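Asks: Residue strings, one per chain:
Number of protein chains: 2
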Amino acid sequence: MHIKLFIPGPVDVAEDVLQKMATPMIGHRTKDASVLQKSISDKMRKLMYTENEILLSTSSGSGLMEGAVRSCTRKKAACFSVGAFGKRWYQMAKANNVPADLFESEAGHPTTPEMVEKALATGEYDLVTVTHNETSTGVMNPVGEISEVMKKYPEVIFCVDTVSSLAGAKIPVDEWGIDICIASTQKCLGLPAGLAITSFSEKAVKAAKEVEFRGMYLDLLLLYETIQKKNYQYPSTPSLSHMFALDYQLDKILEEGFDERFNRHEEMAKYVRAWAMKNFDLFAEDGYRSNTLTTVLNTKGISVKELNEKLGERGFMISNGYGDFKEKTFRIAHMADTTLDDLKELIGHIEDILDL
Amino acid sequence: MHIKLFIPGPVDVAEDVLQKMATPMIGHRTKDASVLQKSISDKMRKLMYTENEILLSTSSGSGLMEGAVRSCTRKKAACFSVGAFGKRWYQMAKANNVPADLFESEAGHPTTPEMVEKALATGEYDLVTVTHNETSTGVMNPVGEISEVMKKYPEVIFCVDTVSSLAGAKIPVDEWGIDICIASTQKCLGLPAGLAITSFSEKAVKAAKEVEFRGMYLDLLLLYETIQKKNYQYPSTPSLSHMFALDYQLDKILEEGFDERFNRHEEMAKYVRAWAMKNFDLFAEDGYRSNTLTTVLNTKGISVKELNEKLGERGFMISNGYGDFKEKTFRIAHMADTTLDDLKELIGHIEDILDL
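In order, the protein sequences belong to chains Y and L.
Heads up, the first sequence is in the numbering used here, so the first residue is 121 and it goes up one at a time.
Heads up, the second sequence is in the numbering used here, so the first residue is 121 and it goes up one at a time.
Here chain Y stands alone, though its shape is the one from the complex (with noise of 0.2 Å):
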């Protein structure tokens, strides 16, 4: 049996998505690997509201998040987090020997634009990481305030992880003045996991230049300059398999139309929160909830481990609390592909297990 995925990525993948899995090989250094590569920036940038230059990665969002702060940090890098994906961005920096200080929210928080202003003032930094939707706490921070500090600042690189949210939220990358702006494939692009793309601006190529160490895999500069160089071409062997899925599923993505996939993402947090709040408590701040996930309250004491394990029996995986909070709180992913009535069969088990 097939378990239906609420967790926060992998998400579920649609079929004929899945099917674009299995495309025959192609050689990465041919005209079609550059129209491929092409075909998906072009599709990406609308996505993204930019016209800046998109690059893969065949790696985790992680891996990019990494090769973001190494490659562009000149002086020190400030790193707002609101959980464990806004920490893993200062270990990152941290394990790089990357100067670094990490400035965080109370659990539940964002990242507030006074925080960034207070930091910026200081004239410390020339590169901050935020994170747009934290899946471990289930809050969005509210990044298009924030890029209105970030502008009193042109000199300092704005890298924001979106990896949960992008083709689930609007981000408009050059409205907010995001120079690198990362999103994966196993979340709200509902593809399989195992590919990276990150949206790279002027200014951040010009920062990077300034960087001598940036290793190589991740460094976006090469990245950047190797689509310049061959014509999209990547500069290892891509995983041509998910940029064959990709390509596709972004073309479902412009039939859906973004509003309408937007506004889908935000009906379904809307119907999940209304019944958190009936029936347990919400765990992220008003005004600051996650439109692509909802992490719920555990106000009643429930053992989330058994919830899991009898939806597991009906063919449904929501997600524990993450870290500390594994049984204080449980996550349900309303991402990519998922419908309003997916999310009501999900709730009715639930009821009808919790005997609410």
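Because the hints were derived from the structure by calculation, they are not lab data.
Nothing here was measured: the structure is a model prediction, and the numbers come from that model.
It is possible that some hints are incorrect.
Identical copies carry no separate label here, and so any pair may be met within one copy or between two of them.
When the alpha-carbon atoms are kept at most 30 Å apart in a straight line, the in silico BS3-like pairs for lysine-lysine are as follows [claimed, not checked]: (1) LYS207 / LYS329; (2) LYS350 / LYS425; (3) LYS207 / LYS350; (4) LYS207 / LYS151; (5) LYS272 / LYS207; (6) LYS163 / LYS350; (7) LYS214 / LYS323; (8) LYS448 / LYS372; (9) LYS448 / LYS350; (10) LYS326 / LYS207; (11) LYS372 / LYS272.
Since the structure of chain Y is already known, use the hints to place chain L on it.
Replies: Same frame as chain Y, now just chain L:
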């Protein structure tokens, strides 16, 4: 029309293996994910003739090569190169500020045990990188002989790039004392590109523990420790699609039999070499010729580009020479699930086109 690939990766993938790439997603923190990675590891250990731990990386082989030289070099790396991929290992070290020296052989000639002995006798190095099979020149290095030298220097970490030979030639990892033996899915393993695999010895674990800045995504120690801690799970979200396909393909390889598989590759190599010697010449020195790829010296001054274009019209693709040798050589890969009959068909077309 599908173009049948005789290039040194990506290779053609059997239809049933391709279909495994379309397996529905599962959670990467589930028991099923642990069972899958454990199953792959057990089979890979057999194929590598090793007791060492197996690490997977959602990256190309280059990712693990960079991770190896960065994670385990404490003093200085000695990088032996017989072509583009050997040199790349040195460039990766330099890009990470890892002290390294480059020892190059003339194109077409191998790394000799004497070269390694001479370098190690200086006492300067604590890590050696050697290419087993260099696809840019068609040289297969005498790693067995080199391993005899390595045994005199037990403190030195022995890294071997078997990206284009593993599963096409016998590589007895433990007998040869290889600490880090790197392979990639899109070559002799007969899978799509997008996943890399390495063995990792206890000696390598100890070495990595002495290195302070290993990064994160390509940190081999983190991959190793996560396996121990999380029961064969990957630190970030892996390409589960490749893992499903790899697990399945390893069963097929076990079914064919290792010796049978290696013999098939040898038989194909002998056939192509004999044909090349009759009509052209071979680029690699006698005694060091690859069993998985033949680099033909273009003694007739044919247009390689034109030959490949005409082959393309018939549904076949070979590879031009690498870099500076683009028109001076051409390369025919005989890897993975390619058969002698496939090769005979290809050669028939080449003879027809060139009127040989």
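Asks: For a quick check of understanding: which of the numbered hints are violated here, in increasing order?
Replies: 8 and 11
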